[in-house]
Amino acid sequence: MSVEQPAWKALPDDRAEFQFADAKPAFSDAEAVIEANRCLYCYDAPCIKACPAGIDIPAFIKKIATGNIRGSAKTIFKSNMLGVSTARVCPVDVLCVGACVLNDLNEQPIRIGRLQRYATDETLEAESRADWDLFTPKAAIGKRVALVGAGPAALACAAHLVLEGVTAVIYEKDDRPGGLNLTGVAPYKLQSEAALAEAKWLLRNGVQLKTGVQVGRDIELDQLIKQYDAVFIGVGLGADKALGIPGEDGPGVWGGSGLIRKIKNDPAFELPDDVQAIVVIGGGNTAIDIARELAMLGVPDVKMLYRRTVGEMPGYGHELQGARKYGVRLLERLTPTAVIRDGGRVTAFRATSTASGVATDYPCDWVVVAIGQEKHAVHLADGIEVDEKGRMVVDPQTRRTGHSKVYAGGDCINGGQEVVNAATDGREAAFAMLRSWDIAPELA
Amino acid sequence: MADLSIEMCGIKSPNPFWLGSGPPTNSGEQVMRAFDAGWGGAVWKTLGEPIVNVSSRLGAIDYAGARMMGLNNIELITDRPLETNLKEMYAVKKAYPHHALIASLMVETKEQWRDIIKRSEDAGADGLELNFGCPHGMCERGMGSAVGQEPRVLAEITSWVKEYAQVPVLVKLTPNVGDILVPGKAAVEGGADGLSLINTIKSIIGVNLDTLIPMPTVGSQSSQGGYCGPAVKPIALHMVGALARDPGVTIPISAIGGISDWRDAAEFLALGATSVQVCTAVMHEGYRIVEDMIEGLNYYLDAGGLASVTDLVGKALPGFTEWGELDLNYNVIAKIDSETCIGCQLCYVACLDGAHQCIHTDQGPCSAYHGEPDHGAHPRDVVQPPIWHQNGGGADTHVPFVDEQECIGCNLCKLVCPVPGCITMEEVPTSAGKESWNDRLAKGLA
Ligand SMILES: Cc1cc2nc3c(=O)[nH]c(=O)nc-3n(C[C@H](O)[C@H](O)[C@H](O)COP(=O)(O)OP(=O)(O)OC[C@H]3O[C@@H](n4cnc5c(N)ncnc54)[C@H](O)[C@@H]3O)c2cc1C
Ligand SMILES: Cc1cc2nc3c(=O)[nH]c(=O)nc-3n(C[C@H](O)[C@H](O)[C@H](O)COP(=O)(O)O)c2cc1C
Ligand code: SF4
Ligand code: SF4
Ligand code: SF4
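If you read the protein sequences in the order shown, they are chains A and B.
4 is the number of the first residue of the first sequence in the numbering used here; add one for each residue after it.
98 is the number of the first residue of the second sequence in the numbering used here; add one for each residue after it.
Only chain A is shown next, with the shape it has when bound in the complex (with noise of 0.2 Å):
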């Protein structure tokens, strides 16, 4: 089959994610071998229905032993296409590896995210084995389906409507696909060669890829609701939040998913010499993260603030423990009160204790707010509706929002959770859509 792939611009060379070295370094073949006889290959098995997209865990791990490693990728991308990323991004403690029932027996759990890396990175590699094609794309089937982002939730769902002989169409406003896979998930965890890789084996059977098309700007969403059978909406979060609070606009002071976007993609991003102390204000896996960034770049000082206690934080125990090895400190119950400027230069952050009311200035020479990001709209069409929360509302089953034909999914449906929830969301709008012209999805 020869479908052209859609290009985009190369990733310049020189980023500061090269100095990032892969947290969960790849098995060999032997550490995979040894490590899938591990698993006890559990019936009705509680890891399976701890994983988002309910991949068949103990199958494909079966399937590795076995050295079917082609029939193992195939039971994983199944379920979940974005196997080549959540391998390597999902937070495993807290889902599959958190539920197998070797942490009953006191016993070091199956090592579930770097067993499906294993299987789904051989995919990547064998892509142009023409004996490694795992799904026959079938004939066209005349339907035609827009996607407007291509983060992991459209990129799922296209890559199942394709299959199923829809044309898909993705509506993207950077200048290349993957999303946050792309521009968020921390380096260590995912870098963007392999996140464009991904893209690519996503798109290849037919996808076509609109890059520099922002909708709501460029084209409107009604235009997309008239020309095409059904519009699937991935469009994800939108810009850092800010504080709001006194010296906080000037240079110095950066929103938390900005500045991982310019350590992952921007070649000029440079941390100047003369940063060595740097407060970071949020208790979310982006405030971890950027803290975890900087510290592992080299900053001696990082320090996280946040407004409650530890127990109360969104961000994961084990990341946060994670960010800790590298020195990252957290100092809890503490509002945000005013950046302190000397001439424009960041000197200090206040932050007031809500146990005692007292303010302290911690200094520093960079801030990084990292408290949320802004909600988009640019997705308001008649029947489409956001909760009190920004977050769009959709049927749970089918991903249908108010309007007919459409679907929606991903950060912006769930305000901001795992690329394995978008990758599910992608693949059950898909499915819904093909359930609403009457075919059965095949890999349903």
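Keep in mind that a hint or two might mislead.
[Claimed, not checked] Derived list of chain B stretches under chain A, where covered just means 3 residues or more per stretch with a C-beta under 8 Å from a C-beta of chain A:
no.	segment
1	354-362
2	383-391
[To be verified] Derived DEER-like restraints, expressed as beta-carbon distance ranges:
no.	chain 1	residue 1	chain 2	residue 2	range
3	A	97	B	306	40 to 48 Å
4	A	97	B	194	47 to 55 Å
5	A	46	B	502	54 to 62 Å
6	B	162	A	49	49 to 57 Å
Hints are computed from structural coordinates only; laboratory data are not their basis.
Heads up, the beta-carbon is just placed ideally off N, CA and C, and yes, glycines get one too.
Put chain B with the ligands on the given structure of chain A with help from the hints.
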């Protein structure tokens, strides 16, 4: 995707994977679930005259933490009423007309055989499998392996069955014989349409050291049972291969014994089997294992460019010969890859104590430790104690050294090495042509 469907002596099956006669084929409900999971055929739990089974009845050996490397049982044939079994067989065949359904039978007199054959065929069986293999309980009553071990009786009962049977007849052989060709040929002589093997191997699985009663225990006693599971696969492979390559055995073979995944199955097919049967692996992990068996075999056939599973049958037989035909001029020696070696020195101690003292923990020829290389032909009274152990450091300085002059190419080091691919056996080029022991005998050189 390759074509996995087979036809074995007239019995059609969507794939070569059948359930062997045993607990997984005890009832119709089970067999239907198995067919839904993907199994192509099932040999029903052996039918016969009413018996009573004991409790407990299974024992197993674990190996290095892995469960059930070998399983042993003292279960007899079905303990359910014949009428019930036949009714369920009928229902299964009706619901699954394209799957292979085979009745396993074991009775004594000619009249009993005639009766049970007729009833099995009426129930819709696509074939019959004569259980001449059970090594416990039934043989004491003159059935099972008592028949399988007596070629004359085996041939005679087979010919009775052929007299009555309308559907193909498979004879299931016991491995509890000196030479499998003897009962195999007796079955051919009796008119069998196919062979199934192996049944279980006579065994005692262990002794409980607290009670001093063998296992599996029934009250205060036990009895010899039948051994099966992964541990018996090499024995079954040999017996299947020996029959398949024998010109006197012209009928197809259904291979049984330790088959747990698609690789095992592919090996049996390559050694000449047409279908495979599985019992223990399903008892261990359930019917669901067949999904990987089908998919893995399919991808394997695809990768090898084989369009049909039948193209694999017997592909390994040309490479299976008698010892006397092997090339005595062929030589391999062990090579250690110092990049991947982790320095455990298991190869060293294996060669030192269990082979031919050709691996050393320090660079240098054998002569430094035990005289000139001589392949062990001369007295070894000057062997140095392994004092060089003390200069070891990390893995890099612990990489052992193979004296290539001394290495006789036995494979042991490669087999014990925990790092796959670290020790390889490399062929030593030679200008001498092939010469086997039989060649030498023919030349009067031996
Ligand atoms: C810093 C950070 C770290 C994270 N770490 C992890 C992790 O370790 N593990 C994990 O599982 N998850 C992690 N996540 C979450 C994960 O990245 C998201 O849940 C996931 O990427 C959501 O996918 P999505 O497709 O919904 O949206 P996104 O990935 O945000 O993709 C949306 C896409 O839509 C495009 N777009 C937006 N608006 C428009 C428009 N109007 N027109 C056209 N295109 C548009 C965007 O450019 C983008 O490409 C992290 C998130 C962040 C911010
Ligand atoms: C518990 C148990 C019961 C068995 N019962 C029968 C039987 O009734 N008839 C028969 O022909 N074989 C019987 N077998 C033997 C199996 O069919 C098979 O030949 C043997 O177990 C080897 O295959 P395996 O290694 O896949 O288990 C039994 C095996 C087990 C473990
Ligand atoms: S729970 Fe653990 S042992 Fe059981 S199937 Fe899942 S990974 Fe394997
Ligand atoms: S496996 Fe079932 S029948 Fe056997 S002992 Fe356990 S509970 Fe009883
Ligand atoms: S057994 Fe293998 S890993 Fe161990 S020392 Fe020998 S070559 Fe090295």
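(message) Which constraints among the numbered hints does this structure fail? Numbers only, ascending.
(response) As far as the earlier hints go, only 6 is violated by this structure.
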